[in-house]
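**Student:** Chain by chain, the residues:
There are 2 protein chains.
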Amino acid sequence: MQKNSIAPDGREFVLPTKEESILEKEKINQITEQQRKLGRKIVAVQGLGFVGCVMAVVIADAEDKHGNPIYFVHGHQRASVRSYWKVPVINTGEPPVRSSDKEVPELFTRCIKEKKNFRATWHNYAYELADIVVVDIQLDATKPYFGEAEKGYCDLSAFRDGMRNLGRFIRPDCLILVETTVPPGTCERVVKPIIEEEFTKRGIDIKKNPPLIAHSYERVMPGANYVRSIRNFWRVYSGINEKSKTLAKEFLTDILDVENYPLTELENTNASELAKVMENSYRATNIALTLEWAKFAEKIGVNIFKVREAIRKRKGTHDNMLRPSLGVGGYCLTKDPVLANWSMKAIFDIDDTLDVAIRSVNINDTMPLHTIELIKSEYPELEDVKIAVLGISYLEDLGDTRHSPSYTLVRILNEQWAIVKAHDPYVLYWKEMENVKVHKKLKPTVHNADVIVFAVGHTEYKNIEPEDLINMCETKPLIIDCSNFISDEKIKKYLELGCKVKCVGKGHINSLVA
Amino acid sequence: MQKNSIAPDGREFVLPTKEESILEKEKINQITEQQRKLGRKIVAVQGLGFVGCVMAVVIADAEDKHGNPIYFVHGHQRASVRSYWKVPVINTGEPPVRSSDKEVPELFTRCIKEKKNFRATWHNYAYELADIVVVDIQLDATKPYFGEAEKGYCDLSAFRDGMRNLGRFIRPDCLILVETTVPPGTCERVVKPIIEEEFTKRGIDIKKNPPLIAHSYERVMPGANYVRSIRNFWRVYSGINEKSKTLAKEFLTDILDVENYPLTELENTNASELAKVMENSYRATNIALTLEWAKFAEKIGVNIFKVREAIRKRKGTHDNMLRPSLGVGGYCLTKDPVLANWSMKAIFDIDDTLDVAIRSVNINDTMPLHTIELIKSEYPELEDVKIAVLGISYLEDLGDTRHSPSYTLVRILNEQWAIVKAHDPYVLYWKEMENVKVHKKLKPTVHNADVIVFAVGHTEYKNIEPEDLINMCETKPLIIDCSNFISDEKIKKYLELGCKVKCVGKGHINSLVA
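Chains as they are written, first to last, in this note's numbering: chain A, 1 to 514; chain B, 1 to 514.
Rather than coming from a laboratory, the hints here were simulated on the basis of the structure.
Among the hints, a few may not be true.
[Stated by the list, open to error] Straight-line distance between alpha carbons at most 30 Å, and here's what the computed DSSO-like set of lysine-lysine pairs gives:
| no. | chain 1 | residue 1 | chain 2 | residue 2 |
| --- | --- | --- | --- | --- |
| 1 | A | Lys313 | B | Lys243 |
| 2 | A | Lys493 | A | Lys443 |
| 3 | A | Lys41 | A | Lys113 |
| 4 | A | Lys249 | B | Lys492 |
[Said to hold, decoys possible] With beta-carbon atoms standing in for the labels, derived distance ranges:
| no. | chain 1 | residue 1 | chain 2 | residue 2 | range |
| --- | --- | --- | --- | --- | --- |
| 5 | B | Glu259 | A | Asn225 | 47 to 55 Å |
| 6 | A | Thr246 | B | Val513 | 21 to 29 Å |
| 7 | B | Glu309 | A | Gly67 | 29 to 37 Å |
| 8 | A | Gly316 | B | Lys113 | 50 to 58 Å |
| 9 | B | Tyr261 | A | Glu63 | 42 to 50 Å |
| 10 | B | Leu369 | A | Lys315 | 33 to 41 Å |
| 11 | B | Glu259 | A | Asn414 | 48 to 56 Å |
| 12 | B | Lys492 | A | Lys315 | 32 to 40 Å |
| 13 | B | Lys492 | A | Glu63 | 47 to 55 Å |
| 14 | A | Lys315 | B | Lys113 | 50 to 58 Å |
| 15 | B | Glu474 | A | Asp254 | 27 to 35 Å |
Keep in mind it's a predicted model, so treat the numbers as computed, not measured.
C-beta: ideal position from N, C-alpha, C; glycine also.
Kindly produce the complete structure, drawing on both the sequences and the hints.
**Tutor:** Here it is in structure tokens:
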């Protein structure tokens, strides 16, 4: 039975047949030969996810001093039901991701339709022809027990398969540049042995042709600076030998703005891999601290957001202190400390723990429980309590729900038999929680609500006037503000309108009425 | 028996007699009257320690727009054997602290000798005359068990005595401005009830005359910017009522550079007290993270200092990441998280813990054990091993030994019967470890050493050439570098000279010889 791959907008694509595969190989060959004649080097990008697809166009968009493209890019995505749709969608000139950054669709149009030096394919043959493979496979950490990140692990099997696939096809002098955030040690202790094994099977002498493997991590930020956060930003890299380092440096110099954002070379790939997960752990720890202190502040009449402003006046040392909130989401801060901690034991056999980082993940992951406590202080029994959750993405004014703290919030509220309605202007459907409808209109979301949770700081929510919201409700709901989305003036209005208000990190609310 | 108070330079001062006390009171009265006639307000500074003595001259140095001093300052220090010497020393125009900041002695000379609007006294009568009392009493946290900061507490008894003393003497309209770093809740729940009790005993109606208590914390940094870190830096303040806030604001506006460093008012003294200990906890946590990751890096061939440089390229979010080292010392980061954590239970009766902050203190406090592990990797038995420790202060190019990690290092090495010699160019004698001589010359310190520990980054140590050091030793000692004080080039030289080298946070040393 033929299964179709369905794009988020509903378009269906039939998976390619064997006949199409033969034609695709010929096409790849033909295009590649043409491109080589134009003097272009051939890049294959493995994985067209959140980072890979934009990285691919950034590479394709790179030009030499005469304004000619330096590279031709084969974007490779396996022909799976879940992801195959990306190939035909990209080849029409559309990005497979939604973004508030206008440069994203511009780059896709330019490289696919005008420069014609980027093309998506599902065929492994692209790897045989590549001078450089950029690895952007997704790699996640698994945390099997809620709030016990110390038991988290990383299932490398799909990643290993991807590497084995490369080892079977790539030329011996092809550079493998791993961009995926990986547990420290992965390039040296996972990728290298696999490639060596596959090379040896193919009769390649790995002493004469040691695999060329480098690691460089992007620091992508979703939102309006999506492309710039890849191209115009500091990069760190290293390689498993001198040649890998040199090739990685040349490649990154071609495609990134290294004049304004000079590259940093580290001594080995362990260092580069560690740097990535350490910088995100640093961030996760900073947040965890504010979460703990926010709870303390609440109990002693203090507004932690004002305290934070005061502390952030210390430029250079304290001005990056983050905001307490419903919790921490997204793809990086929630998993990177786990990758590092798991790597210690699993990859290096070190009997130790990254205690501060792991505890921080636990505090961040379980933080939505605090918002539930705030609800329970008014509704000790959640059964049949009508709760409207405003915002399910993990970032303001973005539609990204990956590891969103709203997920934890809604999951637990549902488990306790509350009646939850979710709203988000940026999310089409909730991939991680498909049984929950994402409302687009506020009124039906909040009508008759007992509790309204301001979970995410979407501009739309920050702009709501208390009178308007209460008119939509036709009740006097408990208002929960998870991260200073409601000003003191609005809090006063809600109180005057007969609502109760509870805020994460704000202990001074009683003093507003006194 | 008359006991004398001895200054650090050896000068002895006889404690004042009852007769002198009567004369002193008269003198205070006379001076104060004169000063009032000049239109000056009267300030008493309680405690002439590290912050109080400099704060006193900053206040005295403040001028109105016509260039006239606004305040006369009585610096108050109890006539104890330990501290009385400060009174006569200050009154000769000398600062009671050593500092690399030239402005410190300049200010003392100017205010004591030229402006003559600052004078030290031991007599409580100064409080009776004051319009404002600035509280700079020392307040420490006690950590009874090494590495168990969660059991730390704050003994407030001396602080309470100080407050009671004020309550007995001050005028009802006198502002008490607490600058001491205190457990959150102290102004409202400790100071206020004591002052109210003493006022009531004196027949003052506390409904008509509610005590005026404010809190404002300095962010003093020892070193070349000592004075500027008090006067030209952001300040946070609050008060227990509106009048206290207003008076504190007026006072701080008079004495600080609020044009360039605007004041931040918080809603109550809990908030101001919390802000101080939170900002230092933030810092302590940042360091703890790097310490954990430094150990990881060492084991996987990574130089964490290069990783740190790479991460710090991310301006605004990661550029304040601190350096791993022997451990964390000084007066603030080692105790402030403990004050906060203790306050939760002891002052607010909250059954919770500031887990991230407290764990961080434990990691920081026990970090010297890691340096001992590095030594033990070469000398599993420390008995009779000759160890030279270079640097005993807690900061580079400063002579401050308070809570120095070298203390922990030397204490434990001594307990394990190593033969330790300590060296520091900036420390006259080791107050916290009086039985250990502080060498001033390198050669006798390192001669015949089995191990040399670069514990602190004094410039003198960073500049040592390997050949010169080894010539002084006449051995081939194990070199331990606690915080990137020795460059890769120098490490290579030490290795060539036949030494072994171990470095905190550097796992790449083997690759330097390969």
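**Student:** The structure should be examined with respect to each hint, and the outcome stated for every one.
**Tutor:** How the hints compare with the structure:
1. A:Lys313 to B:Lys243: 25 Å, holds
2. A:Lys493 to A:Lys443: At roughly 19 Å apart (the allowed maximum being 30 Å), A:Lys443 and A:Lys493 satisfy the hint.
3. A:Lys41 to A:Lys113: The hint holds at about 19 Å.
4. A:Lys249 to B:Lys492: 27 Å, holds
5. B:Glu259 to A:Asn225: 47 to 55 Å: 35 Å, violated
6. A:Thr246 to B:Val513: 21 to 29 Å: 23 Å, holds
7. B:Glu309 to A:Gly67: 29 to 37 Å: 35 Å, holds
8. A:Gly316 to B:Lys113: 50 to 58 Å: 37 Å, violated
9. B:Tyr261 to A:Glu63: 42 to 50 Å: 47 Å, holds
10. B:Leu369 to A:Lys315: 33 to 41 Å: Given a distance of about 34 Å, which is inside 33 to 41 Å, the answer is holds.
11. B:Glu259 to A:Asn414: 48 to 56 Å: 55 Å, holds
12. B:Lys492 to A:Lys315: 32 to 40 Å: 38 Å, holds
13. B:Lys492 to A:Glu63: 47 to 55 Å: For A:Glu63 against B:Lys492, whose Cβ atoms are near 42 Å apart, the range 47 to 55 Å is violated.
14. A:Lys315 to B:Lys113: 50 to 58 Å: 36 Å, violated
15. B:Glu474 to A:Asp254: 27 to 35 Å: 55 Å, violated
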